[in-house]
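> If you want the building blocks of each chain, they are given just below.
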Amino acid sequence: MIDIIISHYNYWVVIMLMMAGFYTVISRGNLIKKITGINIFQTSVFLMYISIGYVSEGTPPIIAEGFTKYSNPLPHVMILTAIVVGVSTTALGLALVVRIKEAYGTIEEDEIHDQDMSL
Amino acid sequence: MIDTLIDVTLLAFLAITAIAIIKMRNLFVVIMLFGIFSLHSAGLFVVMDAADVAFTEAAVGAGISTVLMLATLALTKNHKEKIPTHHARIPLLVVLITGAALVYGTYDIPDFGDPHSPAQQHVKPRYIERSVEETGTPNIVTAVLASYRGYDTLGELTVIFTAGIGVLLLIGGRIADRPLPTFRPNFSSKLRPILKDKFRHKFRTKLRRKDKE
Amino acid sequence: MIEQNFSLLLVVIPLIAAPVVAMLPNGRLPWLLVLVVTWLCLALASWQLSVVSDGDIISYELGGWAPPWGIEYRIDAMNAFVALMVSGIAAITVPYALRSVEKEIPRQQISLFYSAFLLCLVGLLGVAQTGDVFNLFVFLEISSLSSYILIAMGRERRALTAAYQYLVMGTIGATFLLIGIGLLYAETGTLNMLDLHQRLEPIIDHRTVHTGFAFIIVGIALKLALFPLHLWVPNAYKYAPSAISVFLAATATKVAVYIMLRMVFTVFSSDFVRTTPTHLIFLMLGIFGVVFASIIAIFQTDAKRLLAYSSVAQVSYMVLGMGLASALGVTATLIHMFNHALMKGALFMAIGAMVYRVGISRLEELNGLGRQMPWTFAAFFIAGLSLIGVPGTAGFISKWYLVLAALEQQSWFIALVIILGSLLSVVYLWKVVEVLWFYPATESGLSVKEAPVSLLVPMWALIFANIYFGINTELTVNVADTAVKLLGIPPYHE
Amino acid sequence: MKHNLILRFIVKYLFPVIALFALYVQFHGDYGPGGGFQAGIILSVAFIFYSLVFGLKTTEQVLPPGVLRIVMCTGVLIYAGTGVTTMLMGGNFLDYNLLSQNPIEGQHLGILMIELGVGITVSSVMLIIFFAFAGRGRPEEADHD
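Protein chains in written order, with my numbering: chain A, 1 to 119; chain B, 1 to 213; chain C, 1 to 494; chain D, 1 to 145.
Worth flagging that the hints you see were computed from the coordinates, not collected in a lab. Be careful, since some hints might not be right.
[Claimed, not checked] Derived CB-CB ranges, DEER-like: (1) C/Ser59 / D/Phe49: 34 to 42 Å; (2) B/Val8 / C/Leu29: 55 to 63 Å; (3) B/Phe28 / A/Glu65: 47 to 55 Å; (4) A/Met117 / C/Pro228: 35 to 43 Å; (5) D/Gly66 / C/Pro277: 52 to 60 Å; (6) D/Phe49 / A/Met117: 23 to 31 Å; (7) C/Ser444 / B/Lys23: 40 to 48 Å; (8) B/Phe28 / C/Met23: 53 to 61 Å.
All figures in this text were calculated on a predicted structure; none of them were measured in a lab. Note that beta-carbon positions come from the ideal geometry of N, C-alpha and C, so glycine has one too.
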């Protein structure tokens with residue numbers, strides 16, 4: 001039991017973080033907060049990837065004298081790409097939020113919905 | 001041991017920050033907490049030997065993303081999230097199911113830090129052993145990023161290019177479709193530009209011409 | 001020498017053209033370049049299909065690195081088929097876009113708009129060509145991000161909320177996909193699809209692998225607009241500019257179907273589908289989707305939304321075919337994917353042409369418009385017949401194969417559902433036809449003229465394709481057969 | 001912040017330092033953490049910092065929006081162009097070995113080129129995004145001061 005906690009606690013906390021982000025996205029009506037939620041969700045997924053690549057007592061994958069154990073560079077590369085995808089999505093989402101505010105005067109989902117329905 | 005201690009501490013900080021973000025209604029606080037969340041995860045990346053990722057996360061998550069969110073906040077002038085009128089039972093259920101599925105999925109996952117896991121045994125060894133001789137680059141992350149999987153990076157660049165095009169299309173024009181009350185972000189300067197006269201005049205007529213189009 | 005690079009050039013040419021277009025001055029020049037590029041892509045895709053249609057495989061190692069260390073393009077008949085579909089629809093949409101975009105997009109944004117269109121094409125083609133799961137994720141995100149932008153370019157303010165909703169759901173989908181890929185990577189250490197397949201075989205019972213599979217499927221289902229995850233579709237298609245509705249409705253969800261096929265049958269296997277409850281889940285979702293989405297479509301008061309719900313129903317047919325998990329079933333899925341692109345493209349073009357004239361797609365505004373725009377109406381009518389599955393049209397072929405696949409397994413119930421879906425589509429399409437032809441035109445409607453030739457020609461090109469592929473099934477059926485053989489899906493037996 | 005001498009002073013002297021650091025990260029990416037993407041972000045941060053204190057207008061005089069847009073496109077073209085060059089030299093797309101007689105040198109050259117492309121596009125896109133957000137909703141005429 002203790003073994004499995006020691007070898008898995010990292011994944012479990014990361015899963016909890018993911019779900020916190022996921023919950024924020026799907027339960028909140030404020031458009032900016034939703035974007036924050038997406039970001040937390042994604043950042044936690046990045047943590048999961050890096051956890052997969054981690055080697056205990058390893059070093060960052062930069063070849064140097066005297067080191068033999070390196071962490072796995074492939075998840076790092078994937079996450080670098082994913083971070084860029086994430087920030088691109090955030091920028092676009094926020095740009096949309098700005099436009100929505102200009103068009104509707106609010107960034108609350110309920111109020112936007114009411115305005116659309118009242119037409 | 002010390003690594004584990006830092007790891008646990010940072011994870012605890014992250015968990016607290018995440019819960020605070022859900023609970024907080026003041027958007028400014030939420031965004032600031034997000035910046036903190038990002039910075040903490042960058043720290044965790046360092047602990048997990050991902051220096052490049054930590055660098056990027058600190059610059060992007062705690063830097064650019066947070067700044068953009070603050071800019072949006074300044075533009076929307078909406079500092080308080082409304083209290084939702086309905087209960088969030090279904091989202092909670094969805095999240096619990098998803099989380100349970102993921103925890104179930106970790107039962108067979110290789111142990112954290114296990115040097116004999118498939119991810120450490122397959123594909124990776126060649127990167128470690130031969131990247132210097134094949135690409136001449138001691139930073140293996142750069143070697144994989146730019147050479148072995150350079151095409152992914154081209155895709156990544158295209159994604160960011162898409163974001164640039166998208167932001168230009170959505171809010172690139174200077175003036176909003178509907179005139180807004182005069183807005184001044186508190187970080188903007190009212191400083192008289194140094195190169196005021198000639199350059200500025202030229203620039204402005206150019207902009208005007210563009211608007212007329 | 002250059003020939004070996006053709007498969008790659010198919011993706012790289014539009015990728016290079018996108019920044020060039022963004023630098024061009026607004027006007028017709030960007031459009032002209034996009035036109036040239038899309039037709040070039042169509043030529044390359046046709047060449048590619050002709051090479052692999054007999055079961056050959058083109059393998060291209062990017063950067064000269066052998067897989068699984070580098071990224072590999074591995075083109076078999078299915079890749080080439082999807083690439084041909086995407087580039088073909090793009091090549092036909094661009095001529096259609098000229099007038100419609102000039103009317104709907106502000107002049108100072110035209111070159112950026114076309115650049116975003118090209119990026120969407122790059123993303124979809126990249127997904128269709130690649131043999132690496134992470135590369136697939138990256139290109140999927142290119143196409144998704146650019147479609148958020150393109151949808152937000154609609155003229156009404158609701159286009160913005162539609163795009164935002166799509167962005168949130170699409171990003172959740174992408175993140176789920178990323179989680180799934182991560183779990184599989186943790187178990188195998190590779191990203192190459194073929195290598196993944198081989199390394200997954202011994203550990204196929206692992207709970208982590210099952211969870212990874214589930215997350216990949218849910219992630220794609222969000223992009224695919226599988227019922228009940230379709231909520232973003234109706235508004236996205238309705239409020240997008242007409243040319244974009246055409247392009248996205250005809251390609252985006254179909255490419256997601258392709259990803260699903262790849263993941264399910266190449267990375268995993270048809271055995272996995274049959275031995276786990278996966279096929280039952282697919283069948284159930286398919287049945288629900290066909291029935292409920294069609295019923296919802298009947299109650300729509302807006303032509304574009306109606307067609308969007310019809311798309312959800314049609315995608316459910318494809319999932320139904322996958323749920324049958326037999327050679328015939330997947331063949332039907334592939335053929336329907338191609339044919340549905342043809343008919344939905346034509347239908348959205350016809351509605352788009354009416355929007356071009358009256359500016360609105362609500363049904364009550366379209367009263368009697370059919371008689372004012374006979375050519376457009378005729379196109380709508382024929383494409384509608386194809387959607388219903390009347391013999392002599394492309395739609396008939398795919399429905400026929402699907403019914404055959406169901407009967408092969410003695411699933412009378414599924415066959416009945418397919419026929420019920422067709423009947424329901426008669427009802428909702430009749431609703432539009434009734435409004436267009438039998439209702440008296442409003443006063444302002446009487447002055448409406450036929451759509452310009454540049455809109456009619458692409459529309460009728462697709463109509464002819466619908467009829468051609470309904471009579472001459474050699475290309476579609478042969479290619480689908482070859483693709484299914486390469487996927488290693490055995491025919492059904494007791 | 002108009003007359004804040006300290007801020008102006010700090011920015012004036014910090015700007016070159018940040019820019020230099022960006023260049024270091026850009027070209028030292030082979031040996032240490034970093035690369036085009038991080039460098040691009042840092043360079044854009046330098047300009048963002050500048051524009052926070054000296055105003056958007058001033059920064060836009062140095063970096064007019066039209067120029068930024070062309071720079072953004074150029075970066076992608078450099079990257080893709082490197083790939084096309086290797087293709088024209090008879091290799092596969094992005095096969096840097098062919099760029100020079102010696103494969104290792106070729107790899108160095110190739111990585112340098114594409115990192116350059118990445119850096120250029122990332123920095124300009126970040127600036128475009130920031131300027132778009134910061135300049136939004138600020139009517140042109142009201143900006144007299």
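> Can you give the numbers of the hints that this structure goes against, from lowest to highest?
1, 4, 6, 7 and 8
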